[in-house]
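*Asks:* Sequence:
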Amino acid sequence: MRYNYIVLLILSLLTWTYAEELYSDKYDYVNIDEILANDRLRNQYYDCFIDADSCITPDSMFFKSHITEAFQTQCKKCTEIQKQNMDKLAEWFTTNEPEKWNHFVEIMIKKKDEDA
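For the sequence shown, the residue numbers in mature numbering (1 follows the signal peptide of the UniProt record, and there is no 0) are -19 to -1, 1 to 97.
Calculated directly from the structure, the hints in this document are not laboratory data.
Calculated pairs, DSS-like style, for lysine-lysine (alpha carbon to alpha carbon, straight line, at most 30 Å): (1) 57 <-> 92; (2) 69 <-> 45; (3) 7 <-> 91; (4) 7 <-> 57; (5) 81 <-> 93; (6) 93 <-> 45; (7) 7 <-> 92.
Distance ranges between label pairs, derived from CB positions: (8) 3 <-> 24: 24 to 30 Å; (9) 47 <-> 24: 17 to 23 Å; (10) 22 <-> 80: 15 to 21 Å; (11) 75 <-> 19: 16 to 22 Å; (12) 12 <-> 47: 14 to 20 Å; (13) 21 <-> 54: 26 to 32 Å; (14) 83 <-> 6: 28 to 34 Å; (15) 42 <-> 2: 18 to 24 Å.
All residues carry an ideal CB built from backbone N, CA and C; glycine is no exception.
Assemble the whole structure, with the sequences as input and the hints as a guide.
*Replies:* As structure tokens, this is what we get:
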């Protein structure tokens, strides 16, 4: 009987240790395609993410609070939808506005160096 408790405790600890904490999925419903297709919205989000302007919407504030870590960890804590959206974002900017993408990457690298 005591052996069962020990095994259960060890399994519980292992599960807790290896469980990945994901970012909240609260804003997974945001339509990234709509944002990318709209110049005003796209620029608003971009400026928010690079600290060029304030974040206007709750979802942009949420994304900004995680984007540096998500970028640096290759979206390790992202939900599947967030990973898809990050891929769409990267693909759109590298294809349509590569200079903005390069600037964004430089900022993310600089923030990583500052954190180190």
